[in-house]
Each structure stands twice: as structure tokens, then as C-alpha cells.
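Trainee: The residues making up each chain are set out below.
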Amino acid sequence: MKYVTVIDDQSYEIEIDNDGAILVNGELRDVDFLNLGGSLYSIITENKSLEAVIDDDEGKIAVMMGGQLFETQVLDERAMLLMQRRGGLKITSGEVTAPMPGLIVMVTVEVGQTVAQGDTVVILESMKMQNELKSPVAGVVTAIHVDASQAVDKGDMLVEIGPSPEDDRA
Amino acid sequence: MKYVTVIDDQSYEIEIDNDGAILVNGELRDVDFLNLGGSLYSIITENKSLEAVIDDDEGKIAVMMGGQLFETQVLDERAMLLMQRRGGLKITSGEVTAPMPGLIVMVTVEVGQTVAQGDTVVILESMKMQNELKSPVAGVVTAIHVDASQAVDKGDMLVEIGPSPEDDRA
Amino acid sequence: MAEQLTGINKILIANRGEIAVRIIRAARDLGIPTVAVYSDVDRAALHVRYADEAVHIGGPRPAESYLKKDTLIEVARKTGADAIHPGYGFLAENADFAGQVIDAGLVWIGPSPDAIATMGDKHAARLAVTRNKVPLIPGIEAGLSNDELAAAAKSIGFPVLIKAVAGGGGKGMRPVRRAEDFETALITARMEAESAFGNGDVYLEKLLQGARHIEFQILADSHGNTIHLGERECSIQRRHQKLVEEAPSVFVDTELRQKMGEMAIAAAESVGYVNAGTIECLVDRDKNYYFLEMNTRLQVEHPVTELVTGVDLAKEQIRIARGRRMGPTENVLHPKGWAIECRINAEDPYADFMPSTGQITTMILPTGPGVRVDSGVYRGSEITPYYDSMISKLITWGETRSEAMLRMRRALSEYRIMGLKHNIPFHINLLNSISFIAGQIDTNFVEQRFNMNTYEKTPTATQLETVAIAATLYAHRERRLASQVVAPAKRDASNWKWMGRFERMHR
Amino acid sequence: MAEQLTGINKILIANRGEIAVRIIRAARDLGIPTVAVYSDVDRAALHVRYADEAVHIGGPRPAESYLKKDTLIEVARKTGADAIHPGYGFLAENADFAGQVIDAGLVWIGPSPDAIATMGDKHAARLAVTRNKVPLIPGIEAGLSNDELAAAAKSIGFPVLIKAVAGGGGKGMRPVRRAEDFETALITARMEAESAFGNGDVYLEKLLQGARHIEFQILADSHGNTIHLGERECSIQRRHQKLVEEAPSVFVDTELRQKMGEMAIAAAESVGYVNAGTIECLVDRDKNYYFLEMNTRLQVEHPVTELVTGVDLAKEQIRIARGRRMGPTENVLHPKGWAIECRINAEDPYADFMPSTGQITTMILPTGPGVRVDSGVYRGSEITPYYDSMISKLITWGETRSEAMLRMRRALSEYRIMGLKHNIPFHINLLNSISFIAGQIDTNFVEQRFNMNTYEKTPTATQLETVAIAATLYAHRERRLASQVVAPAKRDASNWKWMGRFERMHR
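Chains as they are written, first to last, in the numbering used here: chain A, 496 to 665; chain B, 496 to 665; chain C, 789 to 1295; chain D, 789 to 1295.
Bound-form chain A, shown alone:
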């Protein structure tokens, strides 16, 4: 299998043969990759002993190694084709969901309001803290699904932000 794996602006062509051999940009690599239970992996490569916690994070593969988090995308041949057709990798969702169960203290935006990336849209109380939930994108609020004092579960959709009218070149 051939993959293209992207970290930040770097990309790697990685091939995994049926016999388990691993080639990076055409060069053979000696890799011993071992699951230690759950998301924990031990990697020994060129004698270096490393550990990583690897999780699938909504299509991205998140690798935590040495206290650093790397978000990667691993694309197989079909995905690469698909992506080339779409013209890019970037997909950022304008959905604000509840990261944990809690109580909505306040919705600080209204439908139709323009928000910048990082603007607070909802205040959620959980674990004795007031948590300010922020917009992941710049845009316009298209829908609000909750009210103040409402209890929400993890993953519940709270607010949706769509592209700004002037940003409508997509």
C-alpha cells in the first residue's frame, strides 16, 4: 500500500509492502511498531526507542510523542485522487459542539451575527468552571441549538457558523 502522509507543510510518501517492509520516499526503514494496549505504541527504529499515543481524531491521525502533539493526515491512493479533485486538504468545520457534559450559562451570539475566529460564542459550566467556547472559524452564525440553563451532553451541537457572504468564493 502506498500512502502520502502530511504533517504541517511536510509530506512523506510511505509505502508498506505486504511483507511488512516500510519505505519512506523510496528508502527502506527498519521499524518495529508495537501496540502496548489502548492507544499506546512502542516504536523502535534505527535502535531509537520511542513511545506514541495515537488516536483517530475525525479523520486526522493525532500522534502525541515526547510531549508534542502532531496532527497528521494519512491519504491512500483513493483519498489522494479525491483530494486533488477537491483542490485542497483544508476542511475546518464551523460547528461548535459541547466538549463535555454541562450546563449552558449563556449564548453570547445571535443568528446572523458575524464572528471572528476565537470569539466566544457559548459559556458552558462544567467541573465547577465557566468554560468559554470559541468559534473555530470566522463567519456568520447560522444556527443556535441551545438556550441558557439547558443541560447538554458531550458532542451536542450548540452553534453553527457558516461562511461570511463576502467570503463566498468557495
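Think of the hints as simulated: they come from the structure by calculation, not from any bench.
Do not rely on the hints blindly, as some may be mistaken.
[To be verified] EDC-like, lysine to aspartate or glutamate: derived pairs with alpha carbons at most 16 angstroms apart:
id : chain 1 : residue 1 : chain 2 : residue 2
1  : A       : Lys649    : C       : Glu1170
2  : D       : Lys866    : A       : Glu605
3  : A       : Lys543    : D       : Glu982
4  : B       : Lys623    : D       : Glu982
Assemble chains B, C and D onto chain A, guided by the hints.
Mentor: For chains B, C and D alone, coordinates are given in the frame of chain A:
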């Protein structure tokens, strides 16, 4: 369900109703019995918080609590009937099995030899130690299944000890 | 004077989590049995497992269980407990509860209700300590309306700090840097204070720039002895929540320790304080120090003081409550070695420290020389939204600060928690930060000058390639498991020869 | 004299298990990277995970991997390691290997091959230390035939002790109390020695009755300094395997410590010893002491000395091997507080301490103040028959012996290991034993005066009833799971209301 549970020379009549109520010798007991994963249990009874590791040990229930090991037998009605017919509880096997994988260093008995309880019958090397395996009963060696230098796995039958001729009242 | 000894034969712990476990351990080391209380979601919690007795007291919300004063006293009576230890949080600084405990004829393991009440009311506290010449931060008093506060903020001059009168632990506290942010900050601070303490009243203080949060541990017994056990450096904070604490502080020399220690003793004596307590101060770049507040309880970060003084503070609390003389008798001017604590919280440092809930599916603790873990959880424990997000406290000791830091780095790299997000990556990056290593920190360091995405240790090309390989093998494996395209017989000859074997082991 | 500094830039650890992890930690605390080696069954071992580099060296049997001298040196070369730490066991006391390492231009983190060779040959050791007036136990020399040994045993008078010339850690050692048992004991001792050390030669010693095993920790650097760090009490043994160690010993006062410490220094100096080492002695009831042997390596029980002296012995070993002056400079006549170590072994105390193998399915570590765990395993680790049965070492510190003991009791009661049999119940019962609490112990205590079935704490009627209830509920549940006779809907109203919930959580 009614049970008779025996620890050493004590016995308890314990009834567990379908609604979960527990009666010991006819008296109601307040018991919160919770599995914590594996063989570990948390017990809260009359406010006392206790922990036990409970395992099934060849028909006996072994309860480890507060650093003490209790071997118990829990008999339901059928088992009680069966036992009364047989006339007693005691069953001690004359089989010596390998408690762990290892190498037989020496078999110190011969078939037909009379052994006392606690006599060494086999020396097994494992974990860098010479372990002396002892006869669990007094009797006569009826079979030897291994030779010196032979590798054995956990649970392999090594030596069998049968009742002595003069002990043939059973 | 003959010692007035109070018999303590059994202690009820009106708390949960790591601090309940900490107190159970102290009681055990003194041979005193303990009673734990628990809410619906805490039946399998470590404090319930480790206590001698455990009593269920209600629902998961604090108001339904850990805050039910009458129930707690009733449980003490029913179980024959003759003393109550409140831990920190919940009812620890509730003067009414302390009073009720004492009125019920039980021993309160903490200071007197009067001392709690005075120090718990920021206004009264400022009045009290001023009498003993303890320096205060410029600010205005409580009880004002929103409009009055807005006006006062302008007259003090931004930045200002909104603080809850009944506050503690950073709750109901908001720094405001611009006039236009004042109203929103005020509303959320009041709401948070109302929800946490049932009191939404706030006051204002001048926000000192570049100041450090340094606090002194106090011990006082009922025989008139009050001493300090040196300082703790707690400047590594985020939203006024401490994240890392050290003892001693790189900023405090013996002379400053002596001066501030005497001030701390004077502050405690101003309310006739007995038991363990903490005087929190801000110290500016010129070593001017200002009294912030007194915490009338055991602090979360007490272990760093224990490791550099050899004093077991939880045991001393019980000893003092029994009416005995406390063990240590002298101010600690020369702490032994260095200790650092990292609070391990269920918070995602990559998502604005958002709390995370879930079940702990893997927990491998760091062990070995110089490492202490204070924890109330184990593999299988659930981190719920009902309580705070602290999973455990990781504390290391070294002969020098650098040894303590090296051991902390090592311990952090060994610690494995899975099943939820946590802030160990934050601590690893902090411990790699040049400013932290150099001790150049203040209370704004984390929020203003630290960033999870600008590592002091830039990943090398080799590291990045390894990450890419790991991600690819992971994805390949997931997809293969999903589609079963590769014959399993092929595996044995591959580089993955160990995987099958080990996974069988771990099934 | 200018210090001769040896650069150490990377350390290969020729060992496995907890001691390999211990050395990795010491190296990490010094900022030195490490190389682990591993056999087939150790791919997922903690030392492999925690080292910076790891190299596979062969099959599970020690002779196929951890004892392969040439391979180890080759791996050091290949990885650029310029020093080798042998840990304890395996090649730690192999003078040939030490020589090979040095000849290969690598730093040997341990004493000189000559010192190892002399102290490793019991005959040569006795000759060497006698020159420095170190007292010896009456006995006869090695090299005799079985018949000669039998005759010699009679002339010394029973009880006698058969000891392997190449021995250590109780292997190849057998006490013999009656002439008729001598032959069998001799044969098994020779076999064990042959198998463990490749040398079946043995000698005899008079077996002292009621004696204690007390040993002194020595540190010596290449600048001519030799000091002792006080004693360890190691009388709690079974089949000459230590199970519990303490520092200091209740039996040793400052005067005896001073005398024995000087003797220990003299013994070390008799072979020009450099690095960490231990002088093992027997001490009789009249405080006469006799040199037993010198262990020319770090001991399993070194942490108790670390906790009462503050010295990190593993770090000092590296420092000394680098040619530096060691950190501590004075003999330790006044240890600080008290430390106890319990060796947690995969051995069944209810079945004659038979070793147990298997996978660790649950591991909950004791934590909190005064508790240290040195471990090489984690949940999921496999205890195999290839290596020794030690799972971990549990060490507690207290200001006094009784505080250290109370903390050990607490820590033992918190420690949960499942999946195989282990000796924690032995330690719990030992810590409840009046004789142990009073410090009235000798090397025969465990074998002759301690019994797992006669508890000092007799179970109460209530405890027995609780055991009966627990066993019955367990059996009821197992049978119900097997036969599914009870409708699951009935569960919710029962006393087991939490079970379903928690078990879902723990699935």
C-alpha cells in the same frame, strides 16, 4: 438460593433472595458487593469498607482479605445432598503437577515408594531457582510421568500418589 | 500548663478524591480509623476503598452530597466518628459548618469558625491583618453595584482584578485589561461566585504587573506557638488556577524568607489562628510583597513543603486538633533540597485547557527515587463533570532545583494516562521552557508568554519522519483491520513480528 | 592532583527488570542517554520503553542474551555507548566481562576486574580481608571432594552451611542441621551453583545460631576516598533470599556502627576497591560480627540506604566511574529516619513460596507520602520463568521505625497485583508479627518461627462472616452467569445496584 458456606470448621447458612436480599443464618444483612475488575471486589457491609480478591480454586472459593487467605466451600442444595451421601467434604488429590514451566532436575521418588505428606518428590528448576515439589498427601507413588532434564509446562502431571495399602478403608 | 488532650478515635472525611485519600493515609499512619462518605458516582472511588468505613450520602452534585452539612454530622454520629476533616474545597472554609461540627461535640480538624469567617470575608481579612501591619494591595471594598464598580475600576486604572468576596482557587476572579471588557467579565465573575460560593459579591484590586504568587505555610497549635515552614512559589497559573508549585522559590533568599515569614505569622496571629494555613502574597519585581488572602485549610500544593521540611502536614493537623503541641518548633529558613509539583488535570492543553471527562483506560504511574504521586484515581476510574478536573498530583524532590526538574521531566515522560485528555503535554513543554528553567516566571507567564505550539525543542527531521511513519502504520493497521485484506500468515516474517504476540498477551 | 575525567556520553545497561529501569532513571537525572538490550520476551519491558535506545540481543534464556559478553560489547560499539552498567545479577560480578569491557576501551561502571575476581572467589576474599584484620566465620576452604566435605562437616560440627565458591544471592547455599541430610544438600547445592555460576565448587562454614545478617554500604572513589553509608538489616530471609531489608538496624547503635563501618572500609580497602559495594556480615547475639562476603555491585536493597542518607547510589556509581570525586564525603553514623523495603515477588506464600508465572492483569500501586516503588513491570507485563521472580520493590520511609512500618502496612494494603500469585500476604502478616515489630529477628526467623497460617491478628467472627458472605455472593454470581436463571431486570432493586453500573464502566 440457599447455600451452606464452610470456612475451616465454621459453617454458615446463607440465603440470597431473587431481590438480592442476603440472610445469614436467617438474619438480614446489608451488603454492597461490587466487582472492581478481574478478581477484585469491594464490599461495604454495616458501613465497613473491605476489599477481597476472590478466585475459584478447583472448586474451592479462595478469598484473600486483609492479607489473609481463606479457603471456603460454597455448597448449594444439590451439592449438600451429594456431600451428605459421600459422607464428608475432604478431597485431597495425590497429583503433583508443575506449578510453572521449567526443567525437571531430579525425580527423587520411585514407583511403589511410600511417601509422607510434605516429602520432596521432584526438583524443578525455574526462575533461576531449584524448587522442591512436595507430596500433598501421604501414600504410595503410583506413577511418574517425567524424567530428569525434561522441560515441562505449567499444569503438566509429574507424579501421582495413591493411598497406602494399610490406608485402604476408604 | 497541662496539655488539654482531645481524644480522636475515628475521623470522618468530608471530602473525596486525592485529598480524602491523603487524609486517610495520614490517619492510618497515626493508627486512627476513618470514615469516607460518597455520592452515587463515587462508590468505587479510591477514598471509599481505602477508608475503614464508607457511607453513601446522596447524589452526584455536591449540593446533594458533599455539601450536606447535617447529613455529614449525622453520619459522624452514626459511625462513632468523633472528628471531621474537611480537606480542601467543599466545606473546608465554611465557618457555619465548622461551628455546627463543634456544636455537635465533634472535633473540627481546622481553625476556629471565627478565623475561617474573618479570613473568608476579604474585607474583614484586610482589616484584621492591617492591625498587625501586614501590607495590602491597593484596591476598593466589596458591596458595590455594577455601575459603581465600573467607575471604581476606571479610577484605580486598568489593569484591574475582579475578585469574589467569598472567593478561593481562582473562582469568581477575572483580570480586566480594557474598560470595554469590564462588564462581561463582571457578569461572569459574579455568576461563577454565585454558583461556587452562593455569594456573588465582588471587589476590585489593582492588577500588579509581572508579580509572583508566593505563599507561606503556617502551622499554629493551641499552646500559642505559630511558625512558618517557608514559602511556595505558585506563579505558574492559568485563569488563577495554579498548575505548578515549587518549594522553595528561586526568588526568595533567606533574608526575604525571614521577613515574609514573620509577616505571615503576624497575619495568622491577627485572627488567633490555630492549625495549618497559608498566607498568599503577591511579590513584585522589587521584592515588595502584599497580602492577598489566607487559606484556612490544607492547600492542594502542601506536598512540596512536606518534601523540603520533612513535616507531614496532614498528620500535624490532626495532632494540633487533638490539642497537642505540634511536632516542628522552628521557622524553616533553610529548606532541604527542592520540590516541584505538577497538577495533572483532565484538561486539554491543545484546546484552551478545556476540561475532559471519561474513563481512565490506561494508567502507568511514574515511580522510582524522588517521585511522589498523590492520587485519588486508578485504572477504570471515571472523571465526571461533577467535580474538579484534577486527576492527581505529581511531585518530585531533588537535592537541587535542577535535580528536581530533571526528575519531574523524567516522571512526566513515564506517566501514561489514557481515556481522556490531560495536561501532561503542557507540563512537559513547560519543563522544557528556558524561562521556567531559569525561574523567570510571574503569574502571567502561562497566559501571556507560553504557547503549546512553539516548542523550545523543535522537532528534528528524523522525529517528524518517525511521526509520519507511526501515523501511517496506525492508519494502515486500522484500515486493514477494517477490511481484512492482508493474509495473517504474512505477518510473522514482517517487521511487526512482535505485534501479534504482544497483542495476544494484552487481550 | 588534577581530576582525571572520563567522558561518559551514553550508557549501555547490560541488564533488565527493575534495576535496568533504576539505572536508566539515574542516567536521565544526570542527562546521559541510555541503551537498553532485550531478549525475545522483553520487547515490551519497561526498561526497553524507558531507554533512549533499545537493541534486541537474542533468545529468552540468559545465556542467549543477557549473558552474551561479546554481543553486549558489540552493541555498545554500534550504538556509540562508551560505558556499560551491569546492574546486579547476570554479568555484574563477572571479572572477565569487566576486563573485556575495559579492554574494548569502554568505561566499566563498577569496581576493577581484580577486585571483582578476588571478592568473587570466597577463598581469595577471606585471605584478602584477613590481611586488614577483618574477622571471619570459622570454616573450611574450597576444592574438597564430597567425602572430604562430609568429614569436614563432622569435624566443624553441625549445623553447617554449604556455600558455593562462586555464590551470591543464596544460590548454591544450603544449611545442613543433621549428618544424614548432608549428601543430598551437597548435591543440590553443587547443581545449583553449577547451573547459576558455571562452577560447582563449594566450601563449608559453621552455621551461627540466632545471628543477624547486617551489611554495610561502601562507596569509594578513584581519589582514594572510601566511606561507609551505614548498615542495612537483612535478616528477614528465606532460603538465603532476602525478603525485607531495613536501614538502620534496631540492633546497631552508634558505637557498633562506627566499629563495623571501619571494618567494612578496611575490607573494601584490602582489594583497593573503587565504586559502590557491600560488606555482608553475620552478627551474633553478643554483637560479635563476622565478614561473610563482599558484593561488588549495587545491591537490590540499596534504596533503603538512599532514603536514610539522601545519597543517590546509582548516580554516585556513574560519577565515580567518570573519575570524579563522590558526592558524600563522610561516614554516615546518624542515618536520617528509617526505611524499610519489601521485595514483592511472584511467589505463593501459601504454597511454600513456589514461583508463579503469568501476565499481570491488574496493578494498582500504593502512592502518597513516604512511599517509593522501584518496578520494572506494568499492567500487561508477563512474568516468565526465564528470570527471577521479583515484580517490584516497595520501600517506605518514616521519621521513626514505627512510622516507616505503619506506612509499609498501609502501602501493602493498597498494593493490588493480580494475574499471578505474589508474596504481599506474606509481608502483611510479617508486618503484623510481634517479633518483627519488636525487631527480634534473625536469619532463621522466617523459616523457623514464622507461619502464614498462625496470624498474630486472629480474624474476628464478623470478619469470618464477611468472608463467608463474599464467597457465597461470588459463587452465586458465577453460577448465575453460567446458568442465567435470574431475570436481569430484578437486579436494579437489589443490594447489588452498583454492580451492573460499575461493570459497564469497567468493561
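Trainee: Is lysine 623 of chain B within 16 angstroms of glutamate 982 of chain D, Cα to Cα?
Mentor: This hinted pair holds, its Cα atoms lying about 12 angstroms apart.
Trainee: Below or equal to 16 angstroms on CA atoms is what counts here, so check lysine 866 of chain D against glutamate 605 of chain A.
Mentor: Cα-Cα ~65 angstroms, so violated.
Trainee: Would you check the hint for lysine 649 of chain A and glutamate 1170 of chain C, treating anything up to 16 angstroms between C-alpha atoms as holding?
Mentor: holds (15 angstroms)
Trainee: Given the hinted pair lysine 543 of chain A and glutamate 982 of chain D, is their Cα-Cα distance within 16 angstroms?
Mentor: Not OK: lysine 543 of chain A and glutamate 982 of chain D at ~37 angstroms, beyond 16 angstroms, violated.
Consistency with the previously given hints fails for numbers 2, 3, ordered from lowest to highest.
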